[in-house]
Amino acid sequence: MRCEQVVDDLADLAAGHTEVVAPDHVAHVEHCLRCQAEMVQYRKLLRALRTLRTEVLEPSPGLLADVLAGIEEEAERHAIAGLLRGRRVAYLGGLAAATAAAGGAIVLANHARRRVKLAG
Amino acid sequence: MPEDVSDLVAAAKDGDRSAFDELVRRTYAETYTLAYRMTGNDDDARDVTQEAYLRAFRGLKRFRGDARFTTWMYRITANCAATHMGKRRKHRHEELDESVPLADEHPASSPELRMEVTDLRARLVEAVEQLPPKLRSVVVLRDVYDLPHEAIAAELGISESAAKVRLHRARRRLREDLYPLPSEESARAV
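Chains as they are written, first to last, in my numbering: chain A, 1 to 120; chain B, 1001 to 1190.
Keep in mind the hints are simulated off the structure, nothing from the lab.
By construction, the Cβ of each residue, glycine as well, lies at the ideal position given by its N, Cα and C atoms.
One or more hints might be untrue.
[Stated by the list, open to error] So these bits of chain A aren't anywhere near chain B, every CB distance computed over 12 Å:
1) T18
2) A22
3) A37
4) L45
5) T51
6) R87
7) G93
8) L108
9) A112
10) V116
[Claimed, not checked] Below are the EDC-like pairs computed for lysine to aspartate or glutamate, each with C-alpha atoms no more than 20 Å apart in a straight line:
11) K1164(B) <-> E76(A)
12) K1087(B) <-> D1119(B)
13) K44(A) <-> E1126(B)
14) K44(A) <-> D1119(B)
15) K1013(B) <-> E19(A)
16) K1164(B) <-> D8(A)
17) K44(A) <-> D1146(B)
This is chain B alone, in the form it adopts within the complex:
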């Protein structure tokens, strides 16, 4: 079994099923994380993750390898999540979920700082989850996963300018929520 992801991709493209399974094993938690960040709940994130790997399996021959496999998976996941959420919106079935445990935290050195960082992360995650799905998808893909505007627009099925507008709105909401200016804070207090 090859060690390197690119070797695994090459083997999987040649029809080696066990190589594809190994790719899934190595990347599924990251794919699930993106799916969860975009959909905001475990059930949808699981569906999106499964669908994303099926699409990847069917389309692996088309993966040219000029991007990293994980980046390619992000794009597929984003597309699946957008499709899934589109269907979901029709049903208007919103649920509140308990928070998902973190597998990989990077705690800060001092207890005070750690608490501050944890608190900030918790507030950030909550603020992102509170965004409407259309805004949340764009800000997650751009500012967390660093996908270019062009790729975001393509995978979400919107124009590049629409993606930029949504990004501005999402960033502004998050900024006002998490890092308000003194004038905004005093306005809130009134």
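This is chain A alone, in the form it adopts within the complex:
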């Protein structure tokens, strides 16, 4: 096996993820000093990258205020939309009730007319 074939596995091995590397590749690295040297360099790189996790950059001034203002706006928009939705539901409900009442009145009137005809 040639070193070029395992070069993409070295970082995974350096990170300790041997389970994702083919066993023959692992075996090659175990016996190849060149690959081991490169793996050590990857280990250093991964360790250095992890240290960036502990660093928190200081945001430029005003970011927090901008974010909070954006959320305030969004919350207001959401509340207004909810209110309109509520009114729309009430309006449609009223309309449905009025339609049902009108329909009922027509049915009752027809029924009464039919009774009068039969009696006549």
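Following the hints, position chain B against chain A.
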């Protein structure tokens, strides 16, 4: 006001606005840091941070709480940054920015070691910033923020195999840049 982040999340989910604001206060610098690492400049990082919190606010009810709130925010931020950078790429408007000051450094004990560590960090940050955005996003999310391949692929809108390929390329570039092998160093010298 609850002390614990998970209690704040629960209160915010119940509609407590001040609890959500407190969550923002506690996490916005970290969110900005990830946004900055992914976009490489302050203006874009600010836009991404704002958009990420708006999305979090809208989608908070969907947050199940099986991951940490910060991890959930990382995923949203990664997604926003990918979308933002996609739009940005169309405009091809690249800018060079001065470096951002660090709020939380962990200096080493001896002055020599401190200088070495600071130097390494500076070179590392620079090398990461020099990566093309597509490679930079993946290596930051995987090797700095420890997100799984699956989550990275989902948030960046790429396949898992594409995410792995980009990660290999990014790591190799960084390794060659920061930790060259003796053979690579001599080749560079020629």
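- request: Over 12 Å to the closest beta carbon of chain B is the bar; see if T51(A) clears it.
  value: The claim is violated: T51(A) sits with its nearest Cβ about 7 Å from chain B, within 12 Å.
query: Taking only the CA atoms, is the gap from K44(A) to D1146(B) under or equal to 20 Å?
result: 16 Å, holds
query: Minimum Cβ separation between A37(A) and chain B greater than 12 Å?
result: 6 Å, violated
- prompt: For the pair supplied as a hint, K1164(B) and E76(A), is the alpha-carbon distance within the 20 Å limit?
  reply: It is violated: about 42 Å lies between the C-alpha atoms, which goes past 20 Å.
- prompt: Is the nearest CB of chain B more than 12 Å from the CB of A112(A)?
  reply: Answer for A112(A): holds, closest chain B Cβ roughly 52 Å.
field: Given pair status - E1126(B), K44(A), alpha carbons within 20 Å
entry: 17 Å, holds
task: Determine whether the non-interface label on L108(A) survives the test: each CB of chain B must be over 12 Å from its CB.
output: 46 Å, holds
Distance rule for L45(A), whose beta carbon must clear each one in chain B by more than 12 Å: Answer for L45(A): violated, closest chain B Cβ roughly 5 Å.
Agreement of K44(A) and D1119(B) with the hint, judged by alpha carbon distance not exceeding 20 Å: 15 Å, holds
- request: Check the non-interface label on A22(A): least C-beta distance to chain B beyond 12 Å or not.
  value: Fine: 14 Å to the nearest Cβ keeps A22(A) off the interface.
task: Would you check the hint for K1013(B) and E19(A), treating anything up to 20 Å between C-alpha atoms as holding?
output: Between K1013(B) and E19(A) the Cα gap is close to 39 Å, so the pair fails against 20 Å, i.e. violated.
task: Taking the shortest Cβ-to-Cβ distance between R87(A) and chain B, state whether it exceeds 12 Å.
output: 20 Å, holds
Comparing the model with each earlier hint shows violations of hints 3, 4, 5, 11, 12 and 15; every other hint is respected.
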